[in-house]
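Colleague: Dock chain R against the given chain C, drawing on the hints supplied.
From first to last, the protein sequence lines are chains C and R.
Taking numbering that gives the first Met the number 0, the leading residue of the first sequence gets 0, the next gets one more, and so forth.
Taking numbering that gives the first Met the number 0, the leading residue of the second sequence gets 0, the next gets one more, and so forth.
Honestly, the hints are just simulated from the structure, not real lab data.
From the three backbone atoms N, C-alpha and C, an ideal C-beta is built for every residue, glycine too.
You may find that some hints are simply not true.
To be verified - Here are a few chain C residues that face chain R, going by a calculated C-beta distance under 10 Å:
1. M4
2. W6
3. T10
4. A11
5. G38
6. F39
7. T45
8. L50
9. F51
To be verified - A few chain C residues that don't get close to chain R, going by computed Cβ distances all over 12 Å:
10. M20
11. A78
12. I85
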Amino acid sequence: MLQWMVWTLPTAAFFTAIAVMLFGMTLWQLWVPTIERKGFLPIVTTRGDRLFIGLLCAAYLHLAVVGFTDISIWFALGASAVWMAILMRWG
Amino acid sequence: MNKVENNKAWFLVLPMLLLVAFSAIIPLMTVVNYSVQDILGSSAYFVGTEWFKDILNDSQLQQALIRQFIFSFTILAIEVPLGIGVALMMPKKGWRASLILILVTLPLLVPWNVVGTIWLIFTRTDIGLAGVGLRELGYAYNITRNDGDAWVTIVLMDVWHWTPLVALLCYSGLQAIPQAYYQAARIDRASRWAIFRYIQLPKLSNVLVIGVLLRFMHSFMIYAEPFVLTGGGPGSSTTFLSQTLTTMAIGQQDLGPSAAFSIIYFLIILAVCYCFYVAILNMGRDKNTSQPR
Numbered sequence: 000m001l002q003w004m005v006w007t008l009p010t011a012a013f014f015t016a017i018a019v020m021l022f023g024m025t026l027w028q029l030w031v032p033t034i035e036r037k038g039f040l041p042i043v044t045t046r047g048d049r050l051f052i053g054l055l056c057a058a059y060l061h062l063a064v065v066g067f068t069d070i071s072i073w074f075a076l077g078a079s080a081v082w083m084a085i086l087m088r089w090g
Numbered sequence: 000m001n002k003v004e005n006n007k008a009w010f011l012v013l014p015m016l017l018l019v020a021f022s023a024i025i026p027l028m029t030v031v032n033y034s035v036q037d038i039l040g041s042s043a044y045f046v047g048t049e050w051f052k053d054i055l056n057d058s059q060l061q062q063a064l065i066r067q068f069i070f071s072f073t074i075l076a077i078e079v080p081l082g083i084g085v086a087l088m089m090p091k092k093g094w095r096a097s098l099i100l101i102l103v104t105l106p107l108l109v110p111w112n113v114v115g116t117i118w119l120i121f122t123r124t125d126i127g128l129a130g131v132g133l134r135e136l137g138y139a140y141n142i143t144r145n146d147g148d149a150w151v152t153i154v155l156m157d158v159w160h161w162t163p164l165v166a167l168l169c170y171s172g173l174q175a176i177p178q179a180y181y182q183a184a185r186i187d188r189a190s191r192w193a194i195f196r197y198i199q200l201p202k203l204s205n206v207l208v209i210g211v212l213l214r215f216m217h218s219f220m221i222y223a224e225p226f227v228l229t230g231g232g233p234g235s236s237t238t239f240l241s242q243t244l245t246t247m248a249i250g251q252q253d254l255g256p257s258a259a260f261s262i263i264y265f266l267i268i269l270a271v272c273y274c275f276y277v278a279i280l281n282m283g284r285d286k287n288t289s290q291p292r
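Next comes chain C alone, as it looks inside the complex (with noise of 0.2 Å):
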């Protein structure tokens, strides 16, 4: 299964990751629709640009915390995750 595509695990996870978020995003939609509100950030949002927005915070935090810095990935991820929460919720 893994070997078609060259996959490995962690980019197998990565994209069921992202593939969960995107239906779990779509079932949420459909429950309660979203509203445009404006929070911290200096422009009008909907939930999806909020998710879109922590995800390329993300990416970036990933990229810094590896090109740069010795920390480990993990950090990166977890102060993503936090990141992504706050940006949800009063973003």
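Modeller: Only chain R this time, still in chain C's reference frame:
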């Protein structure tokens, strides 16, 4: 009226989704897979984030990135105002409008590598018009020796090739402004500048979003034109990101590092385009909300 909700229509999007999956999503996934492995022939070894660390600390790539940003923002700063200016000066109707439209559009129809070749001949110091002309004027013009000459020539080439796109977009935006706005401006005795600032520019913001986004993406991925014209030289003074990437992926067959590089490249384009998109969208939104008052 009863509105029937039929969510089965979503299934009609499926073929498109499949197509996009095969043309974009699956290749992107493969790139992610490659970026964490060392590919040697048919065997692959998991190396984790090593390639990302290497790529981010590679001074050659950092310089290519800086050059790329300078190039992209230079051509945007020239092409967008110039395109708006050209669009404002183009005749609105009649045979002259059609003629000018064709003339302005011509550079857009030339393929990238041909543009490079045209400018290569144009700038040759033995037979090229620009090369010989500048030599005759007493300037020792040489794009294979002088960094500055190469830069100016590549920027000029891009401006020549792509300003028409901005101009065409703005022209169509200008054509869509109803005459009533101009009549109101005439009644108010608005100056030419006021008409531009408060009627034409706000109405152009939507086409400008598309123009700026397209120009940024295009220029950030520019490959064929500088490759043909200067080959990235002199030295590596005009080697932009895509050329560095191609050398790495195809020239040296370093699939892992070039995959990591591609992902970083993609993330930069994504972030910058999103910022542009949000900024310009919100510019329009602020104006819309303040207009009724």
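Colleague: Now tell me if each hint is right for this structure.
Modeller: Verification of the supplied hints:
no.: 1; hint: M4; result: holds (5 Å)
no.: 2; hint: W6; result: holds (6 Å)
no.: 3; hint: T10; result: holds (5 Å)
no.: 4; hint: A11; result: holds (9 Å)
no.: 5; hint: G38; result: violated (15 Å)
no.: 6; hint: F39; result: violated (15 Å)
no.: 7; hint: T45; result: violated (12 Å)
no.: 8; hint: L50; result: violated (13 Å)
no.: 9; hint: F51; result: holds (8 Å)
no.: 10; hint: M20; result: holds (15 Å)
no.: 11; hint: A78; result: holds (16 Å)
no.: 12; hint: I85; result: holds (19 Å)
Hint compliance for this structure: hints 5, 6, 7 and 8 are broken, all remaining hints hold.
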